[in-house]
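Visitor: Sequence:
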Amino acid sequence: MRSTESSASEQGNATVGFVATVGLLLMTVYTIIVASLAWYVHAIATDSALEGARAGAISKSEQVAVARTRDLMTSTLNPSYGANITASMNAGTVHVVVRTPIPGAGFLGPTAIEVHAHAAAE
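According to numbering that gives the first Met the number 0, the residues represented by the sequence shown are 0 to 121, in order.
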(Lines of atoms letter the chains of each structure in order from A and count residues from 1; the text may use other names and numbers.)
(Lines give C-alpha, C1' and ligand atoms only; values in the text may rest on other atoms or scores of the structure.)
Protein backbone atom coordinates (compact mmCIF):
# COMPACT_ATOMS: atom_id res chain seq x y z
CA MET A 1 0.00 0.00 0.00
CA ARG A 2 1.26 3.50 -0.84
CA SER A 3 2.00 6.10 1.76
CA THR A 4 0.01 9.34 1.51
CA GLU A 5 2.65 11.35 3.33
CA SER A 6 5.12 13.31 1.20
CA SER A 7 8.77 12.62 1.61
CA ALA A 8 11.16 15.18 3.03
CA SER A 9 12.63 15.88 -0.44
CA GLU A 10 9.26 17.09 -1.75
CA GLN A 11 8.62 19.66 0.95
CA GLY A 12 8.56 23.22 -0.41
CA ASN A 13 7.83 22.23 -4.02
CA ALA A 14 4.37 23.79 -3.87
CA THR A 15 5.85 27.14 -2.86
CA VAL A 16 8.33 27.14 -5.73
CA GLY A 17 5.63 26.13 -8.21
CA PHE A 18 3.29 28.84 -6.92
CA VAL A 19 5.93 31.57 -7.17
CA ALA A 20 6.93 30.53 -10.69
CA THR A 21 3.31 30.35 -11.85
CA VAL A 22 2.31 33.70 -10.33
CA GLY A 23 5.39 35.40 -11.81
CA LEU A 24 4.58 34.08 -15.27
CA LEU A 25 0.92 35.02 -14.88
CA LEU A 26 1.79 38.58 -13.82
CA MET A 27 4.15 39.02 -16.79
CA THR A 28 1.43 37.79 -19.15
CA VAL A 29 -1.17 40.16 -17.70
CA TYR A 30 1.32 43.08 -17.80
CA THR A 31 2.13 42.35 -21.45
CA ILE A 32 -1.57 42.28 -22.37
CA ILE A 33 -2.20 45.58 -20.58
CA VAL A 34 0.77 47.31 -22.23
CA ALA A 35 -0.20 46.00 -25.66
CA SER A 36 -3.76 47.26 -25.14
CA LEU A 37 -2.56 50.69 -24.04
CA ALA A 38 -0.16 50.89 -27.00
CA TRP A 39 -2.99 50.00 -29.38
CA TYR A 40 -5.24 52.64 -27.76
CA VAL A 41 -2.60 55.38 -28.00
CA HIS A 42 -1.86 54.41 -31.61
CA ALA A 43 -5.56 54.59 -32.51
CA ILE A 44 -5.98 58.00 -30.85
CA ALA A 45 -2.80 59.35 -32.49
CA THR A 46 -3.87 58.10 -35.93
CA ASP A 47 -7.38 59.51 -35.66
CA SER A 48 -6.10 62.85 -34.33
CA ALA A 49 -3.48 63.13 -37.08
CA LEU A 50 -6.04 62.37 -39.80
CA GLU A 51 -8.51 64.90 -38.43
CA GLY A 52 -5.75 67.50 -38.03
CA ALA A 53 -4.60 66.93 -41.61
CA ARG A 54 -8.17 67.40 -42.85
CA ALA A 55 -8.56 70.62 -40.85
CA GLY A 56 -5.23 71.89 -42.19
CA ALA A 57 -6.19 71.01 -45.75
CA ILE A 58 -9.50 72.86 -45.50
CA SER A 59 -7.89 75.98 -44.01
CA LYS A 60 -4.65 75.58 -46.04
CA SER A 61 -2.66 76.15 -42.85
CA GLU A 62 -0.02 74.03 -41.11
CA GLN A 63 -0.69 75.80 -37.81
CA VAL A 64 -4.37 74.81 -37.90
CA ALA A 65 -3.38 71.20 -38.59
CA VAL A 66 -1.01 71.11 -35.61
CA ALA A 67 -3.48 72.90 -33.32
CA ARG A 68 -6.38 70.59 -34.23
CA THR A 69 -4.23 67.48 -33.84
CA ARG A 70 -2.89 68.66 -30.48
CA ASP A 71 -6.39 69.58 -29.29
CA LEU A 72 -7.73 66.11 -30.09
CA MET A 73 -4.71 64.34 -28.57
CA THR A 74 -4.77 66.30 -25.32
CA SER A 75 -8.54 66.07 -24.90
CA THR A 76 -8.29 62.27 -24.86
CA LEU A 77 -4.81 61.56 -23.51
CA ASN A 78 -2.41 63.24 -21.11
CA PRO A 79 -1.16 66.61 -22.51
CA SER A 80 2.40 65.24 -22.74
CA TYR A 81 1.24 62.94 -25.56
CA GLY A 82 0.53 65.96 -27.79
CA ALA A 83 3.94 67.56 -27.38
CA ASN A 84 5.64 66.38 -30.58
CA ILE A 85 3.39 67.18 -33.55
CA THR A 86 4.61 68.62 -36.84
CA ALA A 87 2.85 69.54 -40.06
CA SER A 88 4.03 70.51 -43.50
CA MET A 89 2.31 71.53 -46.71
CA ASN A 90 3.71 70.41 -50.04
CA ALA A 91 2.01 70.61 -53.45
CA GLY A 92 -1.45 71.03 -51.99
CA THR A 93 -1.11 68.17 -49.51
CA VAL A 94 -0.95 68.56 -45.75
CA HIS A 95 1.30 66.05 -44.01
CA VAL A 96 0.96 65.64 -40.22
CA VAL A 97 3.44 63.63 -38.14
CA VAL A 98 2.71 62.67 -34.54
CA ARG A 99 5.47 61.20 -32.36
CA THR A 100 4.18 60.01 -29.00
CA PRO A 101 5.36 57.73 -26.21
CA ILE A 102 3.87 54.32 -25.48
CA PRO A 103 2.74 54.11 -21.85
CA GLY A 104 4.47 51.46 -19.75
CA ALA A 105 6.35 49.81 -22.62
CA GLY A 106 9.66 49.64 -20.76
CA PHE A 107 11.50 46.47 -21.70
CA LEU A 108 8.92 45.22 -24.21
CA GLY A 109 10.21 47.11 -27.22
CA PRO A 110 10.14 50.62 -28.66
CA THR A 111 8.96 53.31 -26.26
CA ALA A 112 7.50 55.64 -28.90
CA ILE A 113 5.40 55.48 -32.03
CA GLU A 114 5.26 57.72 -35.08
CA VAL A 115 2.04 58.25 -37.04
CA HIS A 116 1.77 59.97 -40.45
CA ALA A 117 -1.41 61.42 -41.97
CA HIS A 118 -2.03 63.13 -45.31
CA ALA A 119 -4.89 65.19 -46.68
CA ALA A 120 -5.26 66.96 -50.01
CA ALA A 121 -6.10 70.66 -49.89
CA GLU A 122 -9.47 71.46 -51.41
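Hint data in this document are derived by calculation from the structure and do not stem from the laboratory.
Each residue gets a CB set at the ideal place from its N, CA and C atoms; glycine is no exception.
Where hints are given, some of them may not hold.
Unchecked claim - Per label pair, the in silico range of CB-to-CB distance: (1) 27 / 102: 17 to 27 Å; (2) 42 / 78: 17 to 27 Å; (3) 29 / 98: 23 to 33 Å; (4) 38 / 79: 16 to 26 Å; (5) 121 / 38: 26 to 36 Å; (6) 19 / 110: 27 to 37 Å; (7) 17 / 70: 44 to 54 Å.
Visitor: Give a verdict on every hint.
Guide: For each hint, the structure was consulted:
no. : hint                 : result
1   : 27 / 102: 17 to 27 Å : holds, 18 Å
2   : 42 / 78: 17 to 27 Å  : holds, 18 Å
3   : 29 / 98: 23 to 33 Å  : holds, 24 Å
4   : 38 / 79: 16 to 26 Å  : holds, 19 Å
5   : 121 / 38: 26 to 36 Å : holds, 32 Å
6   : 19 / 110: 27 to 37 Å : holds, 28 Å
7   : 17 / 70: 44 to 54 Å  : holds, 49 Å
The structure fails none of the hints (numbered hints given earlier).
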